[in-house]
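J.: Let chain A serve as the given structure and place chain B on it in line with the hints.
Spelled out from the first residue to the last, the chains are:
2 protein chains.
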Amino acid sequence: MNQDYIIPANWSIIEEGFEHDLVKSSESLFSIGNGAMGQRANFEEQYSGKTFQGSYIAGVYYPDKTKVGWWKNGYPEYFAKVLNAPNWIGITIEINGESLDLAKCASVKNFRRELNMKEGIYYRSFEATLQNGTEVAINVKRFLSLDMDELGVILYEVKPLNQNAEIVFKPYIDAGITNEDTNWDDKFWAILDVQNQGNSSFTVSKTLKTNFTACTFMHNTILIDGQNINSNPSQTEKATAKIESSYEVSASKGQTVAIQKFGGYTVSTNHDENKLVEAAQKVIAKANDLGDATLTENQITAWAKIWEMSDITIDGDVKAQQGIRFNIFQLNQTYLGKDSRLNIGPKGFTGEKYGGSTYWDTEAYCIPFYMATKDQNVARNLLTYRYNQLDKAIENAEKLGFKNGAALYPMVTMNGEECHNEWEITFEEIHRNGAIAFAIFNYYRFTGDYSYIPEKGLEVLIGIARFWHQRATYSTYRNQYVILGVTGPNEYENNVNNNFYTNYIAKWCIDYTVEQIQKIEKEYNSDYTRVLHKVKLSIAEINQWKEVASNMYFPFSEEHGVYLQQDGFLDKELIKVDDLDKSQRPINQKWSWDRILRSPYIKQADTLQGFYFFEDHFSKEQLEKHFEFYEPFTVHESSLSPCVHSIQAAVLGRMEQAYTFYLRTSRLDLDDYNKEVHEGLHITSMAGTWMSIVEGFGGMRVKNNQLHFEPKIPAQWDGYSFKINFRNQILKVSVSPNQTNFSLEGDKEIKVFVNGKEIVVEPNTMVTV
Amino acid sequence: MNQDYIIPANWSIIEEGFEHDLVKSSESLFSIGNGAMGQRANFEEQYSGKTFQGSYIAGVYYPDKTKVGWWKNGYPEYFAKVLNAPNWIGITIEINGESLDLAKCASVKNFRRELNMKEGIYYRSFEATLQNGTEVAINVKRFLSLDMDELGVILYEVKPLNQNAEIVFKPYIDAGITNEDTNWDDKFWAILDVQNQGNSSFTVSKTLKTNFTACTFMHNTILIDGQNINSNPSQTEKATAKIESSYEVSASKGQTVAIQKFGGYTVSTNHDENKLVEAAQKVIAKANDLGDATLTENQITAWAKIWEMSDITIDGDVKAQQGIRFNIFQLNQTYLGKDSRLNIGPKGFTGEKYGGSTYWDTEAYCIPFYMATKDQNVARNLLTYRYNQLDKAIENAEKLGFKNGAALYPMVTMNGEECHNEWEITFEEIHRNGAIAFAIFNYYRFTGDYSYIPEKGLEVLIGIARFWHQRATYSTYRNQYVILGVTGPNEYENNVNNNFYTNYIAKWCIDYTVEQIQKIEKEYNSDYTRVLHKVKLSIAEINQWKEVASNMYFPFSEEHGVYLQQDGFLDKELIKVDDLDKSQRPINQKWSWDRILRSPYIKQADTLQGFYFFEDHFSKEQLEKHFEFYEPFTVHESSLSPCVHSIQAAVLGRMEQAYTFYLRTSRLDLDDYNKEVHEGLHITSMAGTWMSIVEGFGGMRVKNNQLHFEPKIPAQWDGYSFKINFRNQILKVSVSPNQTNFSLEGDKEIKVFVNGKEIVVEPNTMVTV
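As they're listed, the protein sequences go chains A and B.
The opening residue of the first sequence carries number 0 in numbering that gives the first Met the number 0; numbering runs sequentially from there.
The opening residue of the second sequence carries number 0 in numbering that gives the first Met the number 0; numbering runs sequentially from there.
Bound conformation, chain A alone (with noise of 0.2 Å):
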C-alpha cells in the first residue's frame, strides 16, 4: 500500500483536508464518466498547483506518428492515443477582485471531497481565506448524466462568510489544450468555429488526420439563493481556442450565489458533422426543460438502476465494500455497451496513457462481468467489435508474414491496426489472439446464445485458429510443433520458446473452431457454405491445423510435476519472491529489463492463466502444484495479476491469501500499490476484482448450461452478496459464513449447484444452503 487517504466509506470515496501533492492522485480517485465522455476530477475553478487536465471523449482519438529508436520492420506507422478534449468545465471566480485559486489562497479549511457512487454525483466543498481577507465557503457538485450522455451539469456555489463580496464568474470553454502523452508535441486539435449566444457558447474543433468533429458547449445561469435571476453575461471574450463569458454578482455576507453550468460535447460520431451546434442546443433546451432538480432525481435513478443489478454488498468490512463498489462504478462509468464501436480503454477516462485503446484485458478479464450484471447484448456488443476488425487483424498479420486469412488481432487498438511498436510485445505476445477466441466460447457458454458464432464469431475464430496453425513450427528434434519466439501474459519474459499458455490456447483455439464448424455444418448448414466459401476454407486445411493441435509440444518437468512456463525455466536462479530484499521492488523500477528477463519473476498470471480460462482440462491436484510452485515467483506488478490468484486461492481455501489478494485488486487504486494513481485509474483490472467474489469467493461457474457456486467467505467478512443475471434469470446470491442464501427475480424456477449439489430456486422464495 502506497497511500491511505481515502476514507472508508460503504458508498462513497472521501477526501478530507487539501493535500497538494495529492491533487493528481484525487484527480484520477475521483474521475467521473458516463459511458460517452468522462473528465479527471479537476478543479472548476483556477489552480496553478501541479494537476493533470483531462476530459475524455469515448471513441475519439488521434494516430499519433510512432515514435522509437530502432525501427524494425512490421512496426506500425501510428500509435491511436486518448485524446485530451476540450475543457468545459473551467470557471474563474473572482471574488472581490481576487482569483479564487486553492494554491494561493491565504488558508483552506474543511476541504472535502466525496464521489457518491450511489447517485454518481461528485461533490467538493471547503472554505478558503483569500489573499484580499475575503472569507468564502463553497460548495460544487458536478456529475455526467446518465440519462443525456452528451450532458454534464455543475452547480458551483460561493457564499461569503465574513463580509459582503463582488463576485464574478468566469465560466469558460478552453478548446486550446494539449496532451500529456504525445510523441513529437504535436497539435491534435483543429479549431473551426468559437461562438457565443447568449448564455450558451459552443467551439467546434476537429481531430487532424481522424476527422472526429467536435461541438464543446457551455450554458450557464446565475442563482442567488437558488433562484435563477436571468442574467446575461456582461461581456463575453472570444479568442482562438477559446471562449469566456462574465456574471457579475454581488452577494451579501451568508448570501449564496451560483452558477449552473451545463456543459459537454456534441460528436460527428453521431450527428451530421454540420449540425453539431444545432444539436447541441438541443441537449440545452432539453437540459433547461428539465431542471437541475430533475436531472440530478434522473442522475440518481439511473444509477440506483444500475446498482440494483451490478452491486456486492460487503458486511464488516468498510474498505473491502468501498473497494468494490468503486471498481463497479468505474467499470459502469467507463463502458456501459450501448455502442458496439466502443470498448474498454485501461484508463477508462481518467488519463492518456495505454492510449486509451483496447488490449485483451477486455476479452480476458472484462467480458464476464458485463455478461453477468448487464443484458448479454453488451457482451455480445464487445465480440462485434473484434469481429468488425477482423480485416484489419488480417492485414496485421501480413505485415508479419502470414497469409490465407491467418488474423492476428493487434495487442493495442483503436480501430483494428496495430498501435503498439515493441518487437517483443507487438509481434510476439501473440496470446492475446487466444483470448479473442476464448471471449467467444465463454459468451455462449454463459449466455447459451450460439447464434453469435455462426453469424459472426466463426470467421474470426477461422481467421484465427489459421494464425496458429501458420505460426506453429514443427520440430524435427521434438517430433512436435512448438510455438518458438513469444511473449506470454508475463511480461517479465521475452521472446521465449514453447510458453506453455499459448501453446495451451493455440490448441485450444484449433480444437474449438474444428469443433463449431463442425457444429455449424450440421445446425446451422446455411452459414457454413456461406462462411466457409467467403474465406476459402477447405478440408484439408482444417486437416493441417488438426495435425498441429494434435502435436503441441508443452514443456513439463517431471520433477516438479509441472507445466513449465517456457523452455529453460528451471535454468533460472529459483529466488523466492519473498526472499528478496525488499529494496529491490517494485523490479521494474529497480531493476534494468535484462535482470528482469533472467530472473523467475512473474509479472501476472502466466501458465496460471491457462489454469483459470481451461480450469476444467485440470485437476484440483494439479492446479494446487502449479499454483505453489508459481505464485512464489509472481511479482503482481501488473494490475491484472492479483485477480486470477484470489480466484485461485480461494479454489484452493486460501483464504487469507485470496483475501489479500482481493484487497489489492479492489483498492490497488485507492490505496496506489503501484505507485501511478496519478496517471489515472486501472479500470480493465477492475473486473477482475468483481470475478474475484463472484468466481472466488462465490465459486460460481457454469457448466453444462448451469450455475454452479461452491460459497467461500473469508474470516473478515460478515456476509457478501452479489447477482448475476444468467440467461435473463436475475439470481441474488447471499453468503455469510454459516449459509448461503439464493433468490431470484422473475417467474420461472432455476436450478443451481451448490457445492456439486442441485438446488431449485423458485422465484421470490429466498432458498438457504
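A hint or two may mislead.
Given that identical chains are not distinguished, each listed pair holds provided it fits within a single copy or across any two copies.
Said to hold, decoys possible - Distance condition first, Cα-Cα at most 30 Å in a straight line; then the derived BS3-like pairs of lysine-lysine:
no.	residue 1	residue 2
1	Lys49	Lys66
2	Lys241	Lys747
3	Lys402	Lys575
4	Lys391	Lys581
Derived from the structure by calculation, the hints contain no laboratory data.
T.: Relative to chain A, chain B alone:
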C-alpha cells in the same frame, strides 16, 4: 552484388561518366582521410542534386539525447553521434555569370573520378557545357595531408574551351552544417567567431555539451597558367555561419586558371582552445612555405611508407587486387594509431551511421591488421583506449546491477559511456566484453610484449572476469553454470539462453585472467600487489570465479555432434538459406523481427566466431562439422561475416567458397553487396578482409612465439604477397600456385613453420618452399 560501375584498376578506384544516382555512392567510395580528419567526396563547386555532405574530425562527438519508444531502466541518456564538421572544401565557381553545378549543366562529358590509393590523392575531372554556352574543362586534385594532419589541399583548375571566360572563384567555409543523423533535430555546434585576414579565413565553433572547439580555416591562392598571381579577394562576405571570399579572374579560351585552397581544422583536443586561430595560421604558413608540389610529393612519400609495409599484392585478378588495396587504404585513412584517445568507427570518416563510435569490431577484427602492419605501439594504444575507459565500464555494469568492480564495456561508445539503446543489444550483447579480453591475449600472443598486462591489462581482465562470474547463474536443474538472456554475435537471435560463444568466451576470460594473476604474482610481484590491492581482489573471490568457469554449461547436440548456438536451436525449422526464395532476401529488409528471430538464420559467425578465436581448442574435424552445420544457415547480412567464413573455408580447403567469401568481404562496398554504400563504408570489416588473405589463404598463425603458415591460393590467382611485422622483423610472404617465397628485412634470421615444417629465413635471402 548490387552495383558494378567502379572500373577495376590495381591502384585506383575509378569512376567514368556522370550519373546523378551514383553521386552518394561515390561520395562514400572516394572518401579521403588522414586519421585526424576525413571527408566524403562531396563536390567543391555547387551541386543541387542529391548529396550527403560530410566532413569529420577524429574524436569530436556530440552526446545526442536518446530517442526511444519505450524507456527501459538502464538505458543511457545520451547517444554519442559522429559530428558533421564545418565544410571547408566549398568553392562556388561562377563562369561568365553562371554558377557551375553538375546537376544544371547543359551537358557533362568525360566525367572521371580517380582515388589514387598509391598516392593518397583524389582526382576529379570533367568537361561541362553551361547553360550560357561556355564550355569548360575542370581538373581537381584533393588530399588530406598525412604529414600535416590538420591540412587539406585542393587544386581546382578551370579551362574555358570554346570562348574566353570571366571566372569568379568563391571559396568559403560553411560552419552552418547539420547532421543527417540526429535524434531530435538539435543543433550540435555553436559558432563563436568568423574572421577574415586577406586570403585566409577562420571560423571558430564549439560543440554544444561536449565543448570541443574547432577552428576551421581556409587559405586561397589564385593561379593563372600555374603561376600564383598574388591576388587578394575582391570582397569577403561574412555571415553568421559562413565566410566567403571572391576572386575574379579572366581566362582566355584554352587558358587554365586555378584556385589552390588550403583548409582544415585545428582542434582544442590538440591546442589551447584560445589559440586555435594562431595554430591554423601556423599550418597555413607552413603549407605556403612548402607549396603544393612539395606537399604533394610528401603525401605520395608518406603513403608509400604505409604501402611499403601494409600492401598486399594479388596477381591475375584485378578486382581482387583493387578490393584488398581499397580495404587497406581505407583502414589507414581512418586510423593510424598515433593517438590512444582515438579508435576505429565502423564507418570511419565516410558517414554518420553507427555514431562513429567504438564497437567490439576493434578488438575482434581490427587489431590483427594493425598489429601486423604497424609498430606494435599502435595495437597497444587500442588496448590502452579500453584501459582508460575501465572506470566507465564499471559504472556501466553497476547500472545493470553488478557490483564489486565488475566491468561491462559498452556496446557502442565514444568516451566509455554506453551509447546504444536497444535492450536486446545494450544489456544483452555482452559477449563484447570477451573480445576486449581476447584482444589482450592476442596482443601478447602476437607481439610478445607482456608488459601491457601487469601495467594495465590485468585490471581490465579482472573487471571482465568479475562480470562473467556475476553474470553466470547456477542452474540447479543442470548442476552447472548458465548464462541466460543474451544476444550473441548473431544479432538475429535475442535474449537466448546459453549462447555457446558467450558461455565459451566467458569461461575463457576467467581462466585466462586467473592464469595472468598467477603469472604476474610470480613474475611481476609489485604489479601483483599494486593491482590486487587497488581492485580489492581476494583469493576467495578468485576461487568463486574458478567454480563458475570449471562448471560452465555448453549446449551440445549428440545427434549432430555440434555445439548448439544456444539452447533450443534445434527446435527451429532448419531450412537452409539456399532453399529460401530469393525474394525473401535480405531477410533484414523483408521480414518482421519476430520472423527473423524464430528462424535459424545467422547474421554473422557466432558459434564459428568461437571456433575462429579459439581455433586451437578444437580439431579440424570439429571445425568441419560446425562449419557444415552452421554456414548453410548463415545469411552474411553483417559486413563482419564473410571474412571469418573465408578464413575457415580456406582452413578446410574449400577454396572456391573461400574465394567467394573473400570477394564479398573485399568488395563489399565497391560492389555494394548490402545496398547501403551511400551511407558510408564498412571500415571495421575491412580489417577482416586483410585477415582473410593473411590468416585464410596465407594460413598465418602465431603459436608459441613463432609464426606458422599454411599457404593456399585461389584458382583465380597467379600469386599474392603480404608482409608481416612480427616483433620488429618484417617478413614478406609471396605465394604462387606452386611455391611460397619468404624474405626478410633486417639483420636477424627468423624461424617460421610452413605446413608444420620449420624453415629458417635469413635476412635478404629468399627462401622458397
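J.: All hints, please: hold or fail.
T.: Status of each hint after checking the structure:
Proximity of Lys49 and Lys66 under a CA criterion of 30 Å is satisfied in both settings, with 27 Å inside one chain copy and 27 Å between copies. In this assembly of identical chains, the alpha carbons of Lys241 and Lys747 never lie at most 30 Å apart, being 58 Å within a copy and 91 Å across copies at closest. Proximity of Lys402 to Lys575 under the C-alpha cut-off of 30 Å is restricted to the inter-copy arrangement: shortest distance 22 Å between copies versus 43 Å within a copy. Taking identical chains as interchangeable, the C-alpha atoms of Lys391 and Lys581 lie at most 30 Å apart only when they sit on different chains, with a minimum of 28 Å there against 45 Å within one chain.
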